[in-house]
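Participant: Sequence:
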Amino acid sequence: MINITECPRDAMQGIKQQIPSELKVEYINQLLKVGFKTIDFGSFVSPKAIPQMQDTAKVLDLLDLSAGNTDLLAIIANLRGAQEACAFEEISYLGFPFSISETFQQRNTNSSIEESLARVEEIQRLCLKKKKKLLVYISMAFGNPYGDAWHADIAIDWCKRLNALGIKHLALADTTGSSTPETISQLFGALLPELKNVELGAHLHSTKDKSQEKLKAAYESGCRNFDVAIHGFGGCPMAADDLTGNIATEDLESYAITNKINLNLNKTELDKAYELGWKIFNVYH
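Read in order, the letters of the sequence shown correspond to residues 1015 to 1299 in this note's numbering.
Honestly, the hints are just simulated from the structure, not real lab data. Where a beta carbon is used, it is the ideal one built from N, C-alpha and C, also for glycine. Errors might be hidden in some of the hints.
Heads up, simulated PhoX-like pairs for lysine-lysine below, C-alpha to C-alpha not over 20 Å straight-line [stated by the list, open to error]:
(1) 1072 to 1062
(2) 1072 to 1030
(3) 1051 to 1174
(4) 1286 to 1051
(5) 1047 to 1286
(6) 1051 to 1030
(7) 1182 to 1147
(8) 1293 to 1051
(9) 1062 to 1147
(10) 1051 to 1145
(11) 1174 to 1210
(12) 1274 to 1230
(13) 1144 to 1182
(14) 1293 to 1281
(15) 1174 to 1144
(16) 1047 to 1230
(17) 1030 to 1293
(18) 1182 to 1145
(19) 1210 to 1182
(20) 1222 to 1047
(21) 1147 to 1051
(22) 1174 to 1147
Ranges between beta-carbon positions, derived for each pair [what the hints assert, rightly or not]:
(23) 1293 to 1143: 18 to 24 Å
(24) 1275 to 1093: 21 to 27 Å
(25) 1102 to 1060: 15 to 21 Å
(26) 1222 to 1160: 23 to 29 Å
(27) 1223 to 1085: 28 to 34 Å
(28) 1076 to 1136: 41 to 47 Å
(29) 1061 to 1271: 38 to 44 Å
Given these sequences and hints, build the entire structure.
Facilitator: Here it is, written out as structure tokens:
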């Protein structure tokens, strides 16, 4: 069994042309029928930084959550955004991008790593009070193009440090597609046996030709939580490589079929989501 987080927010956030809110609602409502464990549907961040997500609250208000038991996740970058997200009962997870690259952390959240650690502590206290789950993404977990120091042990140490703060949901994020099967196996192989109280996921970005080997490395290392986006659209607008998007949902589906892994998804509704995704992203890109 694999737990899937589908990421329409990640797919949409870098698109400069504003996608109508009603179209976002139609797409996410279709995704809600598929049976994904979680949908990363929007973010409460500065509209100047990510204009595409300025209508997150409006979109949320129009979603039909009667279709199943899918959890909703919203990205936040500071305490103010966390407070906004916590006001919505429908949201289960708050996602915070915590980069172990100093350069990227400044670019992404306008703060240093140590300042971001203090933010995580504040947000975690708020989440506990509001009965939300905080998911921390270890951004640049597999390397970075900025020349900042990187080693697998740095990523591993940060995961342990965050877990010591009570964080029980972590995702190793390959923000710029830097990962290899070797580094994926190294990190998951080291962390999964040690952080037994943590739900550890893989948020991998990849070129199309490398996605299967990355999925294989993560799964065979014990990872069972994967972030994907239909047709591989998206990627971080603060990152360097426009060609490196999210691993495609259909690539994970193909890997699961080949290896006889149950995804527990409604295939009919998934195919409808594939079709609608093409229609949207071929117009808005």
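Participant: Against the 20 Å threshold, does the CA-CA distance of residue 1147 and residue 1051 hold or violate the hint?
Facilitator: holds (14 Å)
Participant: Is the Cα-Cα distance between residue 1286 and residue 1051 20 Å or less?
Facilitator: Between residue 1286 and residue 1051 the Cα gap is close to 18 Å, so the pair holds against 20 Å.
Participant: Is the hinted pair residue 1222 and residue 1047 satisfied, with a Cα-Cα distance of at most 20 Å?
Facilitator: violated (26 Å)
Participant: Has the given pair, residue 1030 with residue 1293, been kept, meaning a C-alpha gap of at most 20 Å?
Facilitator: holds (17 Å)
Participant: Does the hinted range 28 to 34 Å hold for residue 1223 and residue 1085 at CB?
Facilitator: Between residue 1223 and residue 1085, where Cβ atoms are some 32 Å apart, the hint holds.
Participant: Holds or violated: residue 1051 with residue 1174, Cα cutoff 20 Å?
Facilitator: Violated, at about 25 Å.
Participant: Check the following: the C-beta atoms of residue 1102 and residue 1060 are separated by a distance inside 15 to 21 Å.
Facilitator: Holds, since residue 1102 and residue 1060 (Cβ atoms, about 18 Å apart) stay within the stated range.
Participant: Do the alpha carbons of residue 1274 and residue 1230 lie within 20 Å of each other, as the hint requires?
Facilitator: Holds, because 13 Å separates the two Cα atoms, which is no more than 20 Å.
Participant: Is the Cα-Cα distance between residue 1072 and residue 1030 20 Å or less?
Facilitator: Within the cut-off at roughly 19 Å; holds.
Participant: For the hint 18 to 24 Å, verify it against the beta carbon of residue 1293 and that of residue 1143.
Facilitator: violated (41 Å)
Participant: Checking one constraint from the list: CA of residue 1047 to CA of residue 1286, max 20 Å. Satisfied?
Facilitator: holds (10 Å)
Participant: Compare the distance between the alpha carbons of residue 1062 and residue 1147 with 20 Å, and conclude whether the hinted pair is satisfied.
Facilitator: Outside the cut-off at roughly 26 Å; violated.
When held up to the earlier numbered hints, the structure conflicts with 3, 6, 8, 9, 15, 16, 20, 23, 24 and 28 and fits the remainder.
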